[in-house]
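Now for the letters of each chain:
There are 2 protein chains.
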Amino acid sequence: MPQIYQASVTAPVNIAVIKYWGKRCTKLNLPTNSSLSVALSQENLRTLTTASCSEQFDKDILWLNGSEENVASNSRLIICIENLRLLRSRVEKENPGSQTLSKMNLHIVSENNFPTAAGLASSAAGFAALVYAIANLYKLPQSEIQLSRIARQGSGSACRSLFGGYTSWEMGNNDDGSDSQAQQVATKSHWPDMKAAILIISAAKKGVSSTSGMQATVATSTLFTYRAQHIVPIRMQEMKKAIAARDFQSFAELTIKDSNQFHAVCLDTMPPIFYLNDTSRYIIRLAEELNRVAGKYVAAYTFDAGPNAVLYYLSENTQLVLGLFRECYRKAKGWSSDARPCVPEGFNLGLIKNVGTGVCQVILTEVGDGPKETDESLINEKGLPR
Amino acid sequence: MPQIYQASVTAPVNIAVIKYWGKRCTKLNLPTNSSLSVALSQENLRTLTTASCSEQFDKDILWLNGSEENVASNSRLIICIENLRLLRSRVEKENPGSQTLSKMNLHIVSENNFPTAAGLASSAAGFAALVYAIANLYKLPQSEIQLSRIARQGSGSACRSLFGGYTSWEMGNNDDGSDSQAQQVATKSHWPDMKAAILIISAAKKGVSSTSGMQATVATSTLFTYRAQHIVPIRMQEMKKAIAARDFQSFAELTIKDSNQFHAVCLDTMPPIFYLNDTSRYIIRLAEELNRVAGKYVAAYTFDAGPNAVLYYLSENTQLVLGLFRECYRKAKGWSSDARPCVPEGFNLGLIKNVGTGVCQVILTEVGDGPKETDESLINEKGLPR
Numbered sequence: 001m002p003q004i005y006q007a008s009v010t011a012p013v014n015i016a017v018i019k020y021w022g023k024r025c026t027k028l029n030l031p032t033n034s035s036l037s038v039a040l041s042q043e044n045l046r047t048l049t050t051a052s053c054s055e056q057f058d059k060d061i062l063w064l065n066g067s068e069e070n071v072a073s074n075s076r077l078i079i080c081i082e083n084l085r086l087l088r089s090r091v092e093k094e095n096p097g098s099q100t101l102s103k104m105n106l107h108i109v110s111e112n113n114f115p116t117a118a119g120l121a122s123s124a125a126g127f128a129a130l131v132y133a134i135a136n137l138y139k140l141p142q143s144e145i146q147l148s149r150i151a152r153q154g155s156g157s158a159c160r161s162l163f164g165g166y167t168s169w170e171m172g173n174n175d176d177g178s179d180s181q182a183q184q185v186a187t188k189s190h191w192p193d194m195k196a197a198i199l200i201i202s203a204a205k206k207g208v209s210s211t212s213g214m215q216a217t218v219a220t221s222t223l224f225t226y227r228a229q230h231i232v233p234i235r236m237q238e239m240k241k242a243i244a245a246r247d248f249q250s251f252a253e254l255t256i257k258d259s260n261q262f263h264a265v266c267l268d269t270m271p272p273i274f275y276l277n278d279t280s281r282y283i284i285r286l287a288e289e290l291n292r293v294a295g296k297y298v299a300a301y302t303f304d305a306g307p308n309a310v311l312y313y314l315s316e317n318t319q320l321v322l323g324l325f326r327e328c329y330r331k332a333k334g335w336s337s338d339a340r341p342c343v344p345e346g347f348n349l350g351l352i353k354n355v356g357t358g359v360c361q362v363i364l365t366e367v368g369d370g371p372k373e374t375d376e377s378l379i380n381e382k383g384l385p386r
Numbered sequence: 001m002p003q004i005y006q007a008s009v010t011a012p013v014n015i016a017v018i019k020y021w022g023k024r025c026t027k028l029n030l031p032t033n034s035s036l037s038v039a040l041s042q043e044n045l046r047t048l049t050t051a052s053c054s055e056q057f058d059k060d061i062l063w064l065n066g067s068e069e070n071v072a073s074n075s076r077l078i079i080c081i082e083n084l085r086l087l088r089s090r091v092e093k094e095n096p097g098s099q100t101l102s103k104m105n106l107h108i109v110s111e112n113n114f115p116t117a118a119g120l121a122s123s124a125a126g127f128a129a130l131v132y133a134i135a136n137l138y139k140l141p142q143s144e145i146q147l148s149r150i151a152r153q154g155s156g157s158a159c160r161s162l163f164g165g166y167t168s169w170e171m172g173n174n175d176d177g178s179d180s181q182a183q184q185v186a187t188k189s190h191w192p193d194m195k196a197a198i199l200i201i202s203a204a205k206k207g208v209s210s211t212s213g214m215q216a217t218v219a220t221s222t223l224f225t226y227r228a229q230h231i232v233p234i235r236m237q238e239m240k241k242a243i244a245a246r247d248f249q250s251f252a253e254l255t256i257k258d259s260n261q262f263h264a265v266c267l268d269t270m271p272p273i274f275y276l277n278d279t280s281r282y283i284i285r286l287a288e289e290l291n292r293v294a295g296k297y298v299a300a301y302t303f304d305a306g307p308n309a310v311l312y313y314l315s316e317n318t319q320l321v322l323g324l325f326r327e328c329y330r331k332a333k334g335w336s337s338d339a340r341p342c343v344p345e346g347f348n349l350g351l352i353k354n355v356g357t358g359v360c361q362v363i364l365t366e367v368g369d370g371p372k373e374t375d376e377s378l379i380n381e382k383g384l385p386r
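Protein chains in written order, with full-length UniProt numbering: chain D, 1 to 386; chain H, 1 to 386.
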C-alpha cells in the first residue's frame, strides 16, 4: 500500500467588528473595503481538518461534517487547492529528493465542533483550516499572511481566520489581489479581558446568502459606496487605535456603529435585505439600555448576515452583561455559573416584559488563538473519514 | 352676548414618497432635504377643524379629539397662531372698518375621522387644518403656498397637507425659512388611477418620536448627510418627472427605494432607531415577490415613522395587489368587494405560510384633494365643543 501523508489542524471562527460587505472582484474575492475581526476561542468554536494525500487516492475528495462534497463543482475549493499544489511543486523542484505530493490526489476531512444550525458563518473557519492543513501537509514555507491570500479566494473572511486575536483584512490596491491579505493587529494576550457571548436566535430562517446579498448591495445601494470609500477607512484606523490602547469605549462604539451601518446598507439594497429580526432588535434595545444605565459601554453588540447576536464585553462586567441577558432568556441552553439572572438598578423594567423564548442557546467564549496543528486525525488508515 | 366668528375646514393626511427626515433648523422646522408626498382622500382620512374667536373668550383654547390641550405650553401652536394674528392685524390696518379679530382669543376644536390608534401621523393634517381654518376665519389674502410656511412651523410635514394631489416641500435656502414651502406638483385628477391602501399593524408600539429621532439621525448617522445632499435632490427631480409622465414604474421604484433608505439611516443612528417590525418586513417581502411575479412594479410600499405600511397601486391592478394581501390577512377589518383573496400564479407559496394576524385593519383609499371649507361646525352657540 502506498503511504498516506497527512496533517491535521484546527482554525477559529472570526466575528468582524468592522464589516466586510461587497466585492470589487468576485473572481478573486477582492473586497470593496478593509475589515477587522476578532478570533473566538477554539475551545468553543473551531473547524478541525485533516488533509491527506496518497498515490492510492483516485481523486480529490472533501468530506464536510460527514457528507462528501462535490469538489469538481466547487470552483472556490479548486482554486485554493490548485494554488497550494503550485506552491508545493516549487518546493519539490527546489528539493529534488522530496516526495511529489503535488501530483497526488487529496482526501480532506473537515468537521466543526458546533452545529451548523447555530447559523454561524462556518466557511471562514472551514477554508482557513483547509488551507492551513494542506500547507502543513505540503510543508510550505509561506507565512500566514501569504496563506491568507489563498484562503481569501475560498471565502473572503476566511483570510482573517489565519490569525488569532485581532486581525485586519487589508483590502489592497492591486488588481491581481497580491496585496489583499490578512494581518494580525494584536494577539489574544494583548487584551486578555475581552470576552464574547453568542446569542443564538430560535427558529432563525435562512436569509439571503452573503455572496449574492453583498453584490446586490454593491449594485443597488446608493449609500454603499460612500460607506466603503469614506467611512470604513476612518473606522479601520480608529478601531486599530482602540485595540492598541485597550480602549473598550471606542471599541464598543465602533463595533456597534459598524454593525448597524452594515445592516443599514443591506436595507438600502433593492430589493432590501433583512438579517435582523424582532428578537435581534430586542437584544439591541436591551444592550443599549444596559449601556445607558451603566453610564458607559459595557456590551458591544454585532450581527453578521443572520439574526444571531455576538456581544463583546470585558470580564469585569461579566455579571452585569450576562446577568441581564440570562434574566431575559433564562431558558436558553449554555448559561454558566459565571452570572446569575439579574436586572441592574435603574434599568427600564418595561423592556423586560414579554421576553423569554427568542434565544434558544448561548455560547460563552472569549478571544482565541489562530490555527494550530493537532494530533487528532479525522482519517483512518485507508485514507477515509473515521 | 358678543358675536362668535367662526370658520370650519377639513385637511388631508399626506404620505411622503420622498421622505422628510432631519431639520437644519429646529426652531423654524427647516428641513435638511426637500420631500414629496401624496394627499390621501378625505373620505377616509381627514382632520376637521373649527376655528372661532369672540370678545367673550378668556383665553386661547384648543380641543383636540375631545381633550383640552394646554396651548400655553405648545410653542409650535403659539407660533402658528401668532403668525396668523399678525397677518390679520395687517388686514385690519388696511381695512379700518373691519372687526379686530386679531385682538380676540381663539377657541379651536379639531377632530380626526380616524382613530389615533391607527398610528398615522395626524399632526400634518392637524396643523394644516388649524392654519387653514384660522386663515379662513381671518379672511387672509395669503395663498396656500404662503400659508404652508406657517403650517411648516407647526409640524414640518403639515406644509404638504395644504394641497391635494402630489405636493413637494421645497427645502429652500434662506435662514429665515421664507423659501421653505410646499407647492403642488400635480392635482389628483392628473393621475386618477392612483390608489392607496394602508395596512395597520396589530399591537404596534409607540417608538421613538419623529422629532427626537430625526435629530438623533442628523447628529450621529454618517450616511445621513450624504443622503440629504447627494441622493434626495436627484430623487426629487426623478419623482417629479415620474408623476408628470404618470410613469408608475419609476414612481414605484423611487417610492420603495426612498422608504428603505429612510429606514436605513434610522438604523445608522446611535442608538439605532427601528420603526419596521417583523410584520412590516414580511409585507415588504410579499410586495417584492408580487412585483417579481408581475414582471413589473404593481405595488409601491412605503413606511413612515412606524410599522404600518402604505401601498400605492394603479386601479387596474386592484385585484392583483389587494387580492394577495387579503389572502394573507383575511381577518383584517376594512376589506371591500373590490378584491377577493387570491394568490397570483407563480407566487412563491412558501411566503404565504404562517401569515394571518399581523395586520388588524386596512384602509382602502386613493389620492385626494386639499383643504376645503365646510359647513360642519364643531362648536356650539357658546363657543364650546359640541
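Just so you know, these hints were derived from the structure itself, not from any lab. Some clues are possibly wrong.
Far from chain H, some chain D residues (derived; all Cβ distances over 12 Å) [to be verified]: (1) Glu-94; (2) Asn-136; (3) Asn-174; (4) Asp-179; (5) Asp-193; (6) Ser-209; (7) Asp-247; (8) Tyr-282; (9) Gly-295.
Among chain H residues calculated to face chain D with C-beta under 8 Å, some are [claimed, not checked]: (10) Lys-93; (11) Asn-95; (12) Gln-99; (13) Leu-101; (14) Ser-212; (15) Ala-216; (16) Leu-223; (17) Tyr-226; (18) Arg-227; (19) Pro-271; (20) Phe-274; (21) Arg-281; (22) Ile-284; (23) Glu-288.
C-beta atoms are modelled at their ideal positions from N, C-alpha and C, and glycine is treated no differently.
Broken hints, by number: Checked against the structure, the hints that fail are numbers 8, 10, 11, 12, 13, 14, 15, while the rest are satisfied.
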